[in-house]
Amino acid sequence: MLSRFSLRTRVISVLVAAWITACVTQSQDAVKQHLWWSGLGPVLPHDSFPADCSLCHVGDDWQTLSSEFQFDHEQETGVPLRGAHGRATCLRCHNDRGPVQEFQRQGCAGCHEDVHLATLGNDCTSCHGESNWQPQGMIAMHRKTRFPLVGVHAATACARCHVGAEVGKFMPVDTECATCHQSDLARAINPNHAGLGWVDRCDRCHLPRTWDQAELNN
Amino acid sequence: MLRRLWVIWLLLLASLARAQVDTGRVLVELRITSTQAGRVIIDRGSVDGLAEGDRVRFLPRGGLPFEGRVLQVGERNARVELDDRSLAPEPGTRGETRIPAERLQQAPAPEPRPKPAEDAPEPEASERSTRWRNRDEDYRKGQPLLTRVRPLRPDERPASMTGRVYLIADAIESSEDDRTSQFYRTGTSLLYDNALGRGETIFFDGELNWRDFDVPDNDDQRKSRLRIDRLAVSFGGNRFDPARVQFGRFLQSGMPEFGAIDGAEWTMRTDSGSRFGASLGFLPEPNAEYETGIDFQGAAFYRWSYDESEQFTAAAGYQKSLHHGNADRDLFVVDVRLLPSDTWNFVTTAWIDLYTPGDEFKDPGLEPTQVLARLGRRWDDGRSLDFLYLHSQFPELDRNDYQQVLGTQLQNDHRDRLAVEARAPLASHLRGNARLGGWADEDDDGFDALVGAELRDALVDGLLIDVRGFLSNGRFSSEIGGRALLGLADTYGTWTLEFELSNQHIVGFTSVNDDLPQHRVRFGRMHSTDSGWSLSAHVEGTFWDQERALALGLYLQRSF
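Which chain is which? The protein sequence lines are A and B, in order.
Per this note's numbering, the first sequence runs over residues 3 to 220.
Per this note's numbering, the second sequence runs over residues 143 to 702.
Hint data in this document are derived by calculation from the structure and do not stem from the laboratory.
All of these numbers come straight from a predicted model, not from anything done at the bench.
Don't take every hint at face value.
In silico DSS-like pairs for lysine-lysine, Cα to Cα no more than 25 Å straight-line [to be verified]:
{"no.": "1", "chain 1": "B", "residue 1": "365", "chain 2": "A", "residue 2": "171"}
{"no.": "2", "chain 1": "B", "residue 1": "504", "chain 2": "B", "residue 2": "462"}
{"no.": "3", "chain 1": "A", "residue 1": "171", "chain 2": "B", "residue 2": "504"}
Label-pair distances were calculated between CB atoms; the ranges are [unchecked claim]:
{"no.": "4", "chain 1": "A", "residue 1": "114", "chain 2": "B", "residue 2": "476", "range": "19 to 29 Å"}
{"no.": "5", "chain 1": "A", "residue 1": "71", "chain 2": "B", "residue 2": "422", "range": "42 to 52 Å"}
{"no.": "6", "chain 1": "A", "residue 1": "114", "chain 2": "B", "residue 2": "681", "range": "47 to 57 Å"}
Beta carbons: idealized from backbone N, C-alpha and C, even for Gly.
Start from the sequences and build out the full structure, keeping to the hints where you can.
Printed below as a string of structure tokens:
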């Protein structure tokens, strides 16, 4: 199967794999988890912090924090950090775009780009948790639509129906069977569906479990 | 009496002798400022003559003295490793060390603080150094320490990179014609700050994936793709520079409803928090390939903000797109957000297409293609109430945004949905939730309802029991069923076990065999570590009639 890939794809694949490997295998020490930039006092006020700077800062600059630096965000600020937020570097949220409270009030979209182009509303938590971007509960979500996922549809990859699913676009799809099953209809020659004019309303004879067990009630 | 004088005289002699021996060493008193098991930080550093390897003796108020060795020395503090690593002394504990006197003479003098000046000049670029130096702008005596400290500009900061890499594997096997589906993805999302020394931010999101659909009696679909979702560089857009310019492939930041482009975007933020901007570029096709160069767009927007907090904003934008160089879409987007934290909030977005006589299936004029509206409120006691409205219909496009749409569908098809959702605490550890929705399209209408309760941390810390019943009346099927979820959270994640049973009644099926019981069982684990790893894995079985399907999913991510 490898022979099907172009040389360019292979080269890029190797480079990407090497890059990912390098990122994954680098030790935590190589990345300063708590790197803090000087002079961000107004963005993250320190006035409630202990007067002893050396509790957190070490070295001859303000950028280096103690390797043993710990900060109970919930206790100190009243805002708990759950899932991946608890592992994010401080500067992902506290930076010079502005006070983080202003962004927090806007919900998830205050910090995260909406790759769904706002077409799915602003309640990200109905599909996503806070640990990673893996969506969950899609079968339950479909019960809010005209098309609850029945039978094999409940075990089908999203992209089979939603063409833009892989880039986060879930545009409305026509619910007529033939919209997705055009090729199945074209192959149905025993009996010849097209010849008999059976080109729509598949649901009158077929159950959504298999094409092979059509039941006629003439 | 004489005997006592002799004793005192001998003691004085001994003290003098000891002082003679210690000539050349100086006693430095110190205190512990913070402590971790086995290690402490003391309030003396290189300016006090300390050096790595010095022995330090601590004198706790109660208990025996103990000692440690200096590991690392800062200008005004030092890290000491205790001989007995099980000790965790209190901050404030006194201590002492003796250092060679000549070291004090060689110790570096602390950097003098620059005098506050009326008009402190900006340092020249050549004066800038990666070594920190105090750059107080116009600090006045009596002000809080961090008031008016000149912040570092983005181009003065050291380069830094954050992001994540991930691996996703999804496999489905179904007994229905022995279909299989596999989808493997690996990718990365990187944010690189100031890599070029110009204060810029470089973004890269990309993934390599491989998909394999094995469909009996049909062409198998095996495809490998390398997709670049984002490769862009941006300048500005922070508190030092209200203008933001971005080049490359990226999701438009001013009005994301206009989608990702290969091009450039310029936005400007005013002092009041309002923003405006424009963009030019090609729209990547909205599918797995993401190929570009087919659809070109130009867009502009204005987002009014009541104040800097952006809790009340209203925005309008216009996007003109061309398909293979021919006029395609005239799209207006209107967006209103009212997001106060203590009362009702409201969010609505409308996509409105402008049709001209050149459009074949749509009447000239404006037509709302999609509308989303949400009105909700959260109360402090945990109650919440939300009303949702959704409208959508197909736009007439040359661009391939949707699956094949016929002319009659363009003219007639639409979908509207109205729903209300409520949540409320019912008792200690117990929360209830309910949802009621209705939908209508060009041919039919239906509804959905859900009621449930979740018991959290009641019997065991971290235990979740979630039970829900649901009813749904879809276009081709109606169903009634229930779902139970058992979850158990520990320090690093959550185990979940879920079971669902529903009966699907196939609407319109002409024979009697139109009821289809469907079971679903899912077992999963969400796991994350302090070192940045995150794992999500599940196995799910779906059983209906004599058929069954098995799905396996894995999501592995490393954040850095």
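**Asked** Against the structure shown, which of the earlier numbered hints fail to hold, in ascending order?
**Response** 6
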